Every structure is written in structure tokens, then in C-alpha cells.
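> Each protein sequence line maps, in turn, to chains B and P. The numbers in this note's numbering rise by one with no breaks, and the one at position 130 of the first sequence is 130. The numbers in this note's numbering rise by one with no breaks, and the one at position 106 of the second sequence is 106.
What the hints contain is simulated information worked out from the structure, not anything from laboratory work. Bear in mind that the values here come from a model prediction, so they are computed numbers and not experimental data. Even for Gly, the Cβ is constructed at its ideal location relative to N, Cα and C. Mixed in with the good hints, there may be bad ones.
Examples of chain B residues lying across from chain P (beta carbon under 10 Å, computed) [stated by the list, open to error]:
1) Glu-3
2) Gly-26
3) Ala-91
4) Trp-94
5) Lys-98
In silico DSS-like links for lysine-lysine, alpha-carbon gap of 27 Å or less [unchecked claim]:
6) B:Lys-155 - P:Lys-144
7) B:Lys-6 - B:Lys-98
8) P:Lys-34 - B:Lys-131
9) B:Lys-156 - P:Lys-131
10) P:Lys-144 - B:Lys-131
11) B:Lys-131 - P:Lys-156
12) B:Lys-66 - B:Lys-98
13) P:Lys-66 - P:Lys-98
14) B:Lys-98 - P:Lys-156
15) B:Lys-34 - P:Lys-131
16) P:Lys-131 - B:Lys-6
17) P:Lys-66 - B:Lys-144
18) B:Lys-66 - P:Lys-6
19) B:Lys-131 - B:Lys-34
20) B:Lys-156 - B:Lys-66
21) P:Lys-6 - P:Lys-34
22) P:Lys-6 - B:Lys-144
23) P:Lys-144 - P:Lys-98
24) B:Lys-6 - P:Lys-34
25) P:Lys-66 - P:Lys-34
26) P:Lys-98 - P:Lys-156
27) P:Lys-131 - B:Lys-66
28) B:Lys-131 - P:Lys-66
29) B:Lys-144 - B:Lys-98
30) P:Lys-6 - B:Lys-131
31) P:Lys-98 - P:Lys-34
32) P:Lys-34 - P:Lys-156
33) B:Lys-144 - B:Lys-131
34) P:Lys-144 - P:Lys-131
Label-pair restraints from in silico Cβ distances [stated by the list, open to error]:
35) B:Thr-7 - P:Gly-113: 45 to 55 Å
36) B:Thr-7 - P:Glu-111: 38 to 48 Å
37) P:Pro-133 - B:Gln-107: 38 to 48 Å
38) B:Ser-147 - P:Ala-137: 38 to 48 Å
39) B:Ala-137 - P:Asp-129: 33 to 43 Å
40) B:Ser-147 - P:His-136: 41 to 51 Å
2 protein chains.
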Amino acid sequence: MTELQKTYMQMAINLSRSGMHSGNGGPFGCVIVKDGVIIGQGNNQVLSNNDPTAHAEVVAIREACKNLRTFQLEGCEIYTSCEPCPMCLGAIYWARPKQVFYANTRQQASEAGFDDDFIYHELPLPPQDRKIPMQHAPNDEALKVFSEWENFEDKKVY
Amino acid sequence: MTELQKTYMQMAINLSRSGMHSGNGGPFGCVIVKDGVIIGQGNNQVLSNNDPTAHAEVVAIREACKNLRTFQLEGCEIYTSCEPCPMCLGAIYWARPKQVFYANTRQQASEAGFDDDFIYHELPLPPQDRKIPMQHAPNDEALKVFSEWENFEDKKVY
Numbered sequence: 001m002t003e004l005q006k007t008y009m010q011m012a013i014n015l016s017r018s019g020m021h022s023g024n025g026g027p028f029g030c031v032i033v034k035d036g037v038i039i040g041q042g043n044n045q046v047l048s049n050n051d052p053t054a055h056a057e058v059v060a061i062r063e064a065c066k067n068l069r070t071f072q073l074e075g076c077e078i079y080t081s082c083e084p085c086p087m088c089l090g091a092i093y094w095a096r097p098k099q100v101f102y103a104n105t106r107q108q109a110s111e112a113g114f115d116d117d118f119i120y121h122e123l124p125l126p127p128q129d130r131k132i133p134m135q136h137a138p139n140d141e142a143l144k145v146f147s148e149w150e151n152f153e154d155k156k157v158y
Numbered sequence: 001m002t003e004l005q006k007t008y009m010q011m012a013i014n015l016s017r018s019g020m021h022s023g024n025g026g027p028f029g030c031v032i033v034k035d036g037v038i039i040g041q042g043n044n045q046v047l048s049n050n051d052p053t054a055h056a057e058v059v060a061i062r063e064a065c066k067n068l069r070t071f072q073l074e075g076c077e078i079y080t081s082c083e084p085c086p087m088c089l090g091a092i093y094w095a096r097p098k099q100v101f102y103a104n105t106r107q108q109a110s111e112a113g114f115d116d117d118f119i120y121h122e123l124p125l126p127p128q129d130r131k132i133p134m135q136h137a138p139n140d141e142a143l144k145v146f147s148e149w150e151n152f153e154d155k156k157v158y
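Work the whole structure out from these sequences, hints included.
This is the structure:
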């Protein structure tokens, strides 16, 4: 990492600390940069917002996309104080940034009491073997809506 | 599934269709039920909101948690028109509902042009082997913030 990249990471770490001490949520922070400009940042806000999806990366991605007025983070770098959990990693794949830098690992998050590593182990399991019961209920009409999408004139791929 | 459960799934499918035709985003809908009451619902709003995290399940989870004033979906059932993508599955694990029912599969989503299956394959890979480059940058201070969390008096586990 360059000195400038280390500074962005330091900013993400500062957010992880200040957010936690403000009671917003867990100790996680994230900064998103495009062409040297910070376009989104966030800290975990699960507790203050009663929102289990308000992880630092999700908050920062939403802000960055709002600022860029697009649903894609093309050419962006994400600096996050901890390895993204599966939810945040999924969000990152949908946003398609250029690169991700992370400091703490999922194992260290686990030692600090978070479910990241547990969820990483659950995801590859067949739905019926997971801790949260998941039932496949095939439905012809649901599938028909997919066909409608495939033939949808105004379709915009994301 | 009971007849009532099939009705909830039908509602989720209706949301998948109406959201798509309104130009909100892809053909995905979700309904969340607690004790027979619908407490959250949503359709994909990636395009209308310029928000790559606004999948049907995430929208519905955020609404349900807002209504319940908690960051947990204890005792709730989630009905979704398609198997949750890794981001949404992660969100579901953080929200901890009782059960999930889904209609279309990730393979069918893939055939309709969505990245769900691709992301499921990427997640278990070591970070350095993924299509989006991810670099581990260990940082003593980031780890120190985790220690501060472990000793944080006002810590609320989520």
C-alpha cells in the first residue's frame, strides 16, 4: 500500500473507533475512494438504526452510489477496517469496485464475538442443511416473472 | 407449505412482478411475517434508488426491523420469490429469522442474467484468488479497536 492508501485505511479505522464509542454499533469503519476523492464512508450503525444490514461497508457503498448517482462503483477502492462479512462481500460484488483493502480478519472478528466466520461456513451448505431452515418452494408463476424479465423491453442489467 | 404460507409467497411474487414493471429493478419480491402479520415487504429497487444493496430481502428486512424497533427478526418467516443471493443470505443470518421460503433458485436467477451463482462461487475462495482483488493489510491499531470493543462497557451484542 502507498502512504496515501495507508491514510485512507487509517480513516476507516478512525471511523470504526468513533462509531463504536458513539454507540452506533460494532467497531467497523469503511472509506470508498475514486480518483483520489473520498466518495463514501461509514461506520457500523446496526444498533443506532435498528438495522442489521447497516454494516460499515453497506453504509459506505450506499453513500458512494448516491454521490455518484449510479449503482456501480467502477474504478473505486474500498478501505475497510475488517474483512467484509458475507453480506458485505456480496454487496461489494454487486457494486463491482476495482479493489478492496481490509485490516482485521474474519477470524479476529470471530474472536471479538461476531458471526462473520460462522456465516462464511453456513453459506456454501445446501439450503436444507443450514442452521436457519430454508425451504425451496418451486412456483411456476415466480418462474414466469423471470421470463417476463428476459423479454422486458426496458430491461437494464445491473 | 400451508395455504396461508402459499398466499404470502404469492404476495412476494406479485411484488417481484410489479416492481420490475415499475422500473424499480430486477424481478424479485419479499414478504416478512410475524405471528400472522406482515411486518415488512419489498421489491428490488437497485435501479430506481441507485443502490446495489436494495435487493428485495434487504428492503423488507430493513422495513420489518424499523416496524419492530429491533435489529432482530426473532420468530419471523421470510417469503422470497427467489433464493437469496449471498448478500441477502448474509443479511438474513444477521437478522436471525425463524425460517425462509424461496421459489426460484440461484441457477434460475443465473439463467435470467443475474450474478447470484457467480458470487456464491467466489465467496468461499481465499481473498487473493477472487475476481475482485482483495488485499489483507494487517494493522495493529485496527486490532486495538477490537480490544476496546471487547472491554466496552456499553457493549450490546448483535
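> Does each hint fit the structure? Answer for all of them.
Quick rundown of the hints versus the structure:
no.	hint	verdict
1	Glu-3	violated, 13 Å
2	Gly-26	holds, 7 Å
3	Ala-91	holds, 5 Å
4	Trp-94	holds, 4 Å
5	Lys-98	holds, 8 Å
6	B:Lys-155 - P:Lys-144	violated, 47 Å
7	B:Lys-6 - B:Lys-98	holds, 17 Å
8	P:Lys-34 - B:Lys-131	holds, 19 Å
9	B:Lys-156 - P:Lys-131	holds, 23 Å
10	P:Lys-144 - B:Lys-131	violated, 32 Å
11	B:Lys-131 - P:Lys-156	holds, 23 Å
12	B:Lys-66 - B:Lys-98	holds, 18 Å
13	P:Lys-66 - P:Lys-98	holds, 18 Å
14	B:Lys-98 - P:Lys-156	violated, 34 Å
15	B:Lys-34 - P:Lys-131	holds, 19 Å
16	P:Lys-131 - B:Lys-6	holds, 23 Å
17	P:Lys-66 - B:Lys-144	violated, 32 Å
18	B:Lys-66 - P:Lys-6	violated, 37 Å
19	B:Lys-131 - B:Lys-34	violated, 39 Å
20	B:Lys-156 - B:Lys-66	holds, 18 Å
21	P:Lys-6 - P:Lys-34	holds, 15 Å
22	P:Lys-6 - B:Lys-144	holds, 17 Å
23	P:Lys-144 - P:Lys-98	violated, 35 Å
24	B:Lys-6 - P:Lys-34	violated, 46 Å
25	P:Lys-66 - P:Lys-34	holds, 14 Å
26	P:Lys-98 - P:Lys-156	holds, 22 Å
27	P:Lys-131 - B:Lys-66	holds, 25 Å
28	B:Lys-131 - P:Lys-66	holds, 25 Å
29	B:Lys-144 - B:Lys-98	violated, 35 Å
30	P:Lys-6 - B:Lys-131	holds, 23 Å
31	P:Lys-98 - P:Lys-34	holds, 9 Å
32	P:Lys-34 - P:Lys-156	holds, 24 Å
33	B:Lys-144 - B:Lys-131	violated, 30 Å
34	P:Lys-144 - P:Lys-131	violated, 30 Å
35	B:Thr-7 - P:Gly-113: 45 to 55 Å	violated, 39 Å
36	B:Thr-7 - P:Glu-111: 38 to 48 Å	holds, 44 Å
37	P:Pro-133 - B:Gln-107: 38 to 48 Å	violated, 21 Å
38	B:Ser-147 - P:Ala-137: 38 to 48 Å	holds, 45 Å
39	B:Ala-137 - P:Asp-129: 33 to 43 Å	holds, 35 Å
40	B:Ser-147 - P:His-136: 41 to 51 Å	holds, 43 Å
Hints 1, 6, 10, 14, 17, 18, 19, 23, 24, 29, 33, 34, 35, 37 from the list above are not met by this structure, while the remaining hints are.
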